[in-house]
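J.: The lines below spell out each chain.
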Amino acid sequence: MNRNNIWIHIGIAVILVTLAAVLGQIDRWRSALKINTSPSVRSTPMPKSVARTKEDNEPEVLVRFKPGVTLAEIKKITAMNNDVVEDEIESVKGLTAIDDLDNADAEAVAEQYREMSSVVSYAEPNYQIKLDDPAQSYSIQDGVHRPNDATPDDPQFSQQWALNNIGQDGGTKGADIKALEAWQQTQGSDKVVVAVLDSGVDYTHTDLRANMWLRPDNLPQYTDDELGTFNDENGFNGTDNAADPMDDNGHGTHCAGIIGAEGNNGEGIAGVNWNVRIMPLKFMGRGGFGTTKDAIEAINYAIDRKQHGVNVRVINASWGSTQKSKALEDAIRAAGEQGILFVAAAGNDGSNNDKRPHYPSNYDLPNVISVAALDRNDQLASFSNWGPKTVHIAAPGKDIDSTWLNDDYREASGTSMAAPHVAGVAALILAKEPNLSVEKLRDRLLKSVDPLDSLRGRIESGGRLDAAKALKD
Amino acid sequence: MSFTRDSAVARAKRDLAGRLGISEGDISEVSTSEKDFPDMSLGAPEKGEMSAQMISSGWQIRLGAKGMDYEYRADKYQLRLHDFKGTNYVVES
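Chains as they are written, first to last, in the numbering used here: chain A, 1 to 473; chain B, 474 to 566.
These are calculated hints, taken from the structure and not from any lab test.
Be aware that one or more of the hints could be misleading.
[Said to hold, decoys possible] Calculated lysine to aspartate or glutamate pairs in the DMTMM-like style (CA-CA distance at most 20 Å, straight line): (1) B:Lys508 x A:Glu233; (2) A:Lys326 x B:Glu519; (3) A:Lys326 x B:Glu522; (4) A:Lys355 x A:Glu460; (5) A:Lys306 x A:Asp407; (6) B:Lys520 x A:Glu329; (7) B:Lys549 x A:Asp248; (8) B:Lys549 x A:Glu460; (9) A:Lys324 x B:Glu519; (10) A:Lys76 x A:Glu115; (11) A:Lys293 x B:Glu519; (12) A:Lys191 x A:Asp248; (13) A:Lys293 x B:Glu522; (14) A:Lys293 x A:Asp244; (15) B:Lys520 x A:Asp349; (16) B:Lys549 x A:Glu329; (17) A:Lys324 x B:Glu502; (18) B:Lys508 x A:Asp349.
[As the list claims (entries may be wrong)] With beta-carbon atoms standing in for the labels, derived distance ranges: (19) B:Gly521 x A:Ala334: 17 to 27 Å; (20) A:Pro434 x B:Ser475: 37 to 47 Å; (21) B:Gly559 x A:Asn377: 36 to 46 Å; (22) B:Thr477 x A:Pro67: 14 to 24 Å; (23) B:Asp479 x A:Asp443: 20 to 30 Å.
[Stated by the list, open to error] Just a sample of chain A residues kept apart from chain B, beta carbon distances all over 10 Å, derived: (24) Val69; (25) Ala108; (26) Glu115; (27) Thr186; (28) Thr206; (29) Arg286; (30) Gly287; (31) Gln338.
Idealized CB from N, CA, C, for every residue including glycine.
Same shape as in the complex, but just chain B:
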C-alpha cells in the first residue's frame, strides 16, 4: 500500500464512517495540510510502539462528523487516527 494525499483522505473517511456507524457522505473534509511530524509514528504511536525519531513529512487530515472533528495523520506508508477517545490507532500501514 502506498498512499497519496487523496487516497489517504478517502481511506480516513471510510475508517471514520465504520467507527461511528455512519455513511461516508455524512463526513466532511475540514482540512488537509502538509505537516512535519516529530517521528515516524507521525506523533501518534500506538501503545508499546517504538518509532524512529526522525522528523517526518506527511498530511494532517481533519474530518468532521456529527459536530465533532477527528484528526488523521498519513504519509506514503501509513494512516493513523490520532487521539480518538484518548487512543491512537494505526488504520493501515
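The shape of chain A in the complex, shown without the other chains:
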C-alpha cells in the first residue's frame, strides 16, 4: 500500500466515526423526544389525561422476578445489562427496583427484562405521574393511576388475569370476569357475609383480616345440643368441634382471598370484593380433606347464624367427591331455604359430570351452582369437569394468584379456584341488591355470562362469569 492510499483510508475512517457519533446523538434526541411526548404502553389501563415523566434520579424499572430467583442471581442478570439493583421491595417477594446505568428509555429497559420470561414475572417502567386535570377523582399511590378508584393499587393486581386480562403471560386480552367494569358500580359491602366452607381461613393474613367476619358482641355464642356452647368469635371448626377456624392447609385461605382479599390497600392482591365479610367454616384438616359429617355440621352452623341475624348469603364449597350423601344434600337444601346460595366446584377429573356425578356440585337444588374452570385463554382447563346438564357456569381457575398461609401468596389451579370467583360476584350483586332472592341471584349469575365457543355444549349456560353484566339489573 502506498503513502497516498494510507491517507485515503484514514480519511474514510474519520468520516465514518464522525457519522456514527452524529447518528448516535440523533438517536438519543429521538429517544428523549419519545419519552417526553409519547407515554409507553403500560400493563394496566391508563387514562389519556395522565402525563408521565421519568426523573433521572429514580430507578428506571420495577421488575418482579419469579420465585426461586435469588438476589445474587438478580444482581448477575442486572450486571449483564449494565444495570444495578437499587432496592428490593420487601413487601412483594421478588419485586426489585432497577436503575439503568445507560439511561436508556425506561420502556425499552422494561421490555428487555420482559423477554427474560423464564425468570421474570413482569417488568414495568417506574413512572412518576402528573395529573393534568385535578378536578377528576383520581388517586395516585406507588406511581399507579386509578380512575375513580376502580383500579386497585394492590401490587400483585397486574398478575390477576382473572380480574383484568391484558394478555399477561400469554393470555388472551379480555378473557376475564370484567372486574374493572364491575367495580365502577360496587366494590362490595361489609353487610354481605360469604361463608368459606373449607380448611379454615388464616384470618390474621394482612390482606384478609379487615374483611373477616367476627361474631358481633350482641350475638350469643353458638350452641349445639350435643356439643354444647363454644366461642365462635372467628367462625366455626367442625373438625374437632373447637372454636378456632384457623387454616392449617392453605386452600381455604386461597379461596377466601379470591372472594375478598382487601382491595386497594397497597398490599398483595385484590379480591373480587374489596369489602365483604368472610366467615370461615372449617371442616377439612391439614391434608385438605374432610368428612361429610363435618361439612354438614359447618353448614348447620351457618344456618344457625343466619337465623340469628347474620347476613350469610353465600357458601363457597371448593371441594367434593363422587360419593353422594342424602344428608349433605338436605343440609344444602336447608341452607337454600334460608336464602343461602351454595357455589360448588365441578371437580378436577376432566370428566363429564352428566355421566359421572360429582358432589356436592351435582345436587339438583335451586340454590346450587356448579362451576367449571377456565384458563387465561378462555379455554376449559384440561383438568376441569364439565357437563351440559349439570355444570352451570365457568370461571377462571388456572394459575390463580391469591392469599396463602403465613402472610404469603401463591398461584394455584383447580375448580377450587373457579368457584370463589362466582361466590365473589354473587356477593357483589348482593352488595348492590341486598334483598335479591337466592333463586334470582342464581338466575342473574347464569343469564349474564359471556358466551364462549369453547363452552358450547359442555356447560349449561355456555359461558364465562361476567361480573359487570351480572350487576346490571
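Given the coordinates of chain A, work out where chain B should sit on it, guided by the hints.
T.: Chain B only, in chain A's frame:
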C-alpha cells in the same frame, strides 16, 4: 408427621409388607416420580371423603411384590394406597 420422598417410600413399603404378610425385603421400589394429582386426596379418596379440588403436587410410588404392582400416593402431609383390591386407603395423614 411430615413426609419426604424417602420417608414416604419407606412407610409405603412397611404398609404393603403388613397387608401382604411378607417382609419389607421382598418388596421392590419399581419407580417413584413427582406427579400432579387432581385434588387434595391425591385422586385416591376413601369412601365418603370430600377433598379440596385443587391440583396438588406429590409423589407416585410404585412398589412390586409377588409379581404384582401396587401404587401409593403421597405428599408432605399424607400417604395413600390407591386402588388396592378396588379400594383406596389413607395409610397415614
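J.: Hint by hint, note whether the structure agrees.
T.: Verification of the hints:
no.: 1; hint: B:Lys508 x A:Glu233; verdict: violated (39 Å)
no.: 2; hint: A:Lys326 x B:Glu519; verdict: holds (18 Å)
no.: 3; hint: A:Lys326 x B:Glu522; verdict: holds (14 Å)
no.: 4; hint: A:Lys355 x A:Glu460; verdict: holds (14 Å)
no.: 5; hint: A:Lys306 x A:Asp407; verdict: violated (30 Å)
no.: 6; hint: B:Lys520 x A:Glu329; verdict: holds (17 Å)
no.: 7; hint: B:Lys549 x A:Asp248; verdict: holds (13 Å)
no.: 8; hint: B:Lys549 x A:Glu460; verdict: violated (37 Å)
no.: 9; hint: A:Lys324 x B:Glu519; verdict: holds (13 Å)
no.: 10; hint: A:Lys76 x A:Glu115; verdict: holds (16 Å)
no.: 11; hint: A:Lys293 x B:Glu519; verdict: holds (14 Å)
no.: 12; hint: A:Lys191 x A:Asp248; verdict: violated (28 Å)
no.: 13; hint: A:Lys293 x B:Glu522; verdict: holds (10 Å)
no.: 14; hint: A:Lys293 x A:Asp244; verdict: holds (18 Å)
no.: 15; hint: B:Lys520 x A:Asp349; verdict: holds (17 Å)
no.: 16; hint: B:Lys549 x A:Glu329; verdict: violated (32 Å)
no.: 17; hint: A:Lys324 x B:Glu502; verdict: violated (36 Å)
no.: 18; hint: B:Lys508 x A:Asp349; verdict: holds (15 Å)
no.: 19; hint: B:Gly521 x A:Ala334: 17 to 27 Å; verdict: holds (20 Å)
no.: 20; hint: A:Pro434 x B:Ser475: 37 to 47 Å; verdict: holds (45 Å)
no.: 21; hint: B:Gly559 x A:Asn377: 36 to 46 Å; verdict: holds (39 Å)
no.: 22; hint: B:Thr477 x A:Pro67: 14 to 24 Å; verdict: holds (21 Å)
no.: 23; hint: B:Asp479 x A:Asp443: 20 to 30 Å; verdict: violated (54 Å)
no.: 24; hint: Val69; verdict: holds (20 Å)
no.: 25; hint: Ala108; verdict: holds (37 Å)
no.: 26; hint: Glu115; verdict: holds (28 Å)
no.: 27; hint: Thr186; verdict: holds (28 Å)
no.: 28; hint: Thr206; verdict: holds (22 Å)
no.: 29; hint: Arg286; verdict: violated (5 Å)
no.: 30; hint: Gly287; verdict: violated (5 Å)
no.: 31; hint: Gln338; verdict: holds (22 Å)
Taken one by one, the earlier hints fail for this structure at numbers 1, 5, 8, 12, 16, 17, 23, 29 and 30, listed in ascending order.
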